[in-house]
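**Q** The primary structure of each chain is shown beneath.
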Amino acid sequence: MFNWIGQTIAVTALNLRTIPQRLGSSGVAIIGIAGVVIVLVSVLSIASGFTAAMHGSGSTSRALVMRSGADSEMTSGLGGAEVDVIKQAPGLRRDGHTAVASAELFVIIDLPKISTNTPANVPMRGVDRTVMRVRDEVTIVEGRMFEFGTNEVVVGRGANGQFAGLTVGNELHSGQDTWKVVGMFEADGGIYETEIWCDSRVLQGAYRRGNSYQTVLARLDSSESFNTFRDWLLANPQVNVQVRRETEYYAAQSRALSGLIQGVGYGIAALMGIGAVFGAILTMYTAVSTRAREIATLRALGFNTTSVVVSVLVESLALAALGGVMGGVAAYLAFNGYQTSTMNFQTFSQVAFAFQVTPQLLVMGLVYALLMGLVGGLFPAIRAARLPIPSALREL
Amino acid sequence: MKFLPLLWSSLWRKKIRTIFTLASIFVAFLLFGLLMTIRTAFTFGVDIAGLDRLILIHKVSLIMPLPVSYLGRLSTMDGVKLATHQTWFGGVYQDPSNFFAQMAVDPEPFLALYPEFKVAPDQVAAWKADRQGVIVGVDLAKRFNWKVGDRIPIIGTIWQPKQGQVWDFNIAGTYDGEAGVDKTNLFFRYDYLDENRAGGEGLVGWYVVKIADASQAHEMGAKFDAMFANSSFETKTTTEKGFVEGFAKQMGDIGAIMIAITIAVLFTMILVAANTMAQSVRERTSEVGVLKTLGFSNASILVLVLSESLLVAVIGGGLGLLASWLFVRQGDPTGGMLPIFMLPTRDVWSGAALIVGLGLLAGLLPAVNAMNLKITDALRRA
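Chains as they are written, first to last, in the working numbering: chain G, 1 to 396; chain D, 1001 to 1382.
If you are wondering where the hints come from, they were derived from the structure by calculation, not from laboratory data. Mixed in with the good hints there might be a few duds.
Calculated pairs, DSS-like style, for lysine-lysine (alpha carbon to alpha carbon, straight line, at most 27 Å) [as the list claims (entries may be wrong)]:
1) D/LYS1059 to D/LYS1081
2) G/LYS113 to D/LYS1249
3) G/LYS180 to D/LYS1292
A few chain D residues facing chain G, derived, Cβ under 8 Å [claimed, not checked]:
4) PHE1020
5) ILE1038
6) ASP1095
7) PRO1096
8) ILE1152
9) ILE1155
10) THR1268
11) MET1269
12) VAL1272
Here the structure is a predicted model, which is why all the values come from computation and not from measurement. All residues carry an ideal CB built from backbone N, CA and C; glycine is no exception.
Sequences are here, hints too, so could you generate the full structure?
**A** Below is the structure:
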């Protein structure tokens, strides 16, 4: 037994030490595998960044009320009277006599994107006076909160970075309206950071919405009072609404796009993986055939077949691991934290987010690399073990 | 031609290597075809958008409506051939995940403005006769297995009917079009929408205007916007091409980045394959010496070696491109998320050029080396 382990280690060490002599063909395998890992990790980092931005927006202790049948905030509509009823629902947190709920308008304003200088649908939200108590994760990081009743707005950090004209102190001209940017806010990196916020009453006037809103975002007494709140509203004939937890709403919003990106990412990586496995197999066959004489000599000397098999597999895995690490590092350096924005088709509006190369993605890339190495090394290893000794010794 | 058997046997000199080289090239070009398809999908059909069609939207944002009364003023302007309006409906068929675009249009001017949508004349007549009639793209009809005459209920999200939540439509016909035309839309009649919606009467989404002279697009757009300036519905006019491009840019660089990464890696893979192919020629130096001894000229050696690498590239790459073309022909696998799912002819040609380039690149250096080889050296080296 010890003898066997000793043999395996000796042969493996010999293999690994001779890799530099076969740099050309080993490089082929390493580059091939690194390439696949780069594609896998970087494409999935787009999906994970987007999902993180959408999920970061929700809190389980908040409920979103929309008109029943509406599939997003954009298409929802609630009358002023309905909003008053919603604010009386049980289960909702109250500060004295005021309900901690924000009746909101969600519209689009056309602003140029900085990176392309083409128009983009930037989301604009009209909010209630209670907004900062409803969304307690939001903090003003520059300037101040807007005055209610005026044409002042505050902008999210993401919107500030992606769209032109959103610096504090600037004025925005949109149609016949002028908005003055007085502050910038952060919201834990969530989707709200892509938005522009203003007084809902002022926005009603600017977008000719009369006394109507689109959604009510309510802070619940506790996460458990959601059912009380929802059941009361659904049973109330004065309103025709649907009630969802905010987290569920945003999870559903991100599903389509992140699903598409992940599908493309996995699909391409799987196809490329097949290509890379071919590369690895070729490399290992070359490695085995150039060393056919050495292998045959070892076996003639009495070395075990298994130790030869293991040594070839270990070499292949080592090359794959090297490729996997290189690919992961390259993807991380190139894309982690890359800021961009895209269109969320559910609301027709922009979402700013950063690519996220997470540790899970790196591990996944490495595992995938090792898998490719294992498959790539298997057949050549078997061939090395089956090499007929006499003819291999004769081979030049 | 008579050297074909020689080429063939030298190709299979090392079976395993040739098979795997072919397979890698196959995968690389299969991917190339699929990527070009995805890239085209992300441009939302900008290539076929008309330059003589202008789009007028509300100046503040696309989601703001315009009054239907603008139609008369636009139609009577000099330089305008035809004007019509469209309205986004955004309804849900059975489940929100079954997303497809529905638009309210005025049938006659709509079909005149978009000659790329091909509808059978009897179906056009049926559409004009039935207020609840719709025409649907052939891809959409295939997706839900709809037939002419089917009745389909759609839940309104933006526009509510006066009673209930559901709008009923009858399929009057289907439209087809060349590759690159989005065949996943549903068009229904504006008069049906306007008479039955609760609120929003007399409002339309945007206008499409066909102008007589495409080179005047910019001037005409400025004229329209000036005409409606200082009203409560100011407009912003762009060419349809500009509009679609702007829309595609809103997707941002994620599509571009995804494709850039993959193409970069793809090229690396192709270079790696080229290296393997070159390697196999280098190993045969002594055989080249023998051929020369037998009286093969330098030129024929060059051609022989080059043809071999070209052959590998063409077989592997050609099959790969063919496979991707066959796959794309099956239609969009995501069920409606990529409405324009096609492999453009232009990209097939660039793929073919890439294949030839790969064959030449892989073969050139070893071929020149083989050509310049002295017989004595070649035979000694073995």
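**Q** All hints, please: hold or fail.
**A** Comparing the hints with the structure gives:
| no. | hint | verdict |
| --- | --- | --- |
| 1 | D/LYS1059 to D/LYS1081 | holds (23 Å) |
| 2 | G/LYS113 to D/LYS1249 | holds (9 Å) |
| 3 | G/LYS180 to D/LYS1292 | violated (83 Å) |
| 4 | PHE1020 | holds (4 Å) |
| 5 | ILE1038 | holds (7 Å) |
| 6 | ASP1095 | violated (10 Å) |
| 7 | PRO1096 | holds (5 Å) |
| 8 | ILE1152 | violated (17 Å) |
| 9 | ILE1155 | holds (6 Å) |
| 10 | THR1268 | holds (5 Å) |
| 11 | MET1269 | holds (6 Å) |
| 12 | VAL1272 | holds (5 Å) |
Comparing the model with each numbered hint stated earlier shows that hints 3, 6, 8 do not hold.
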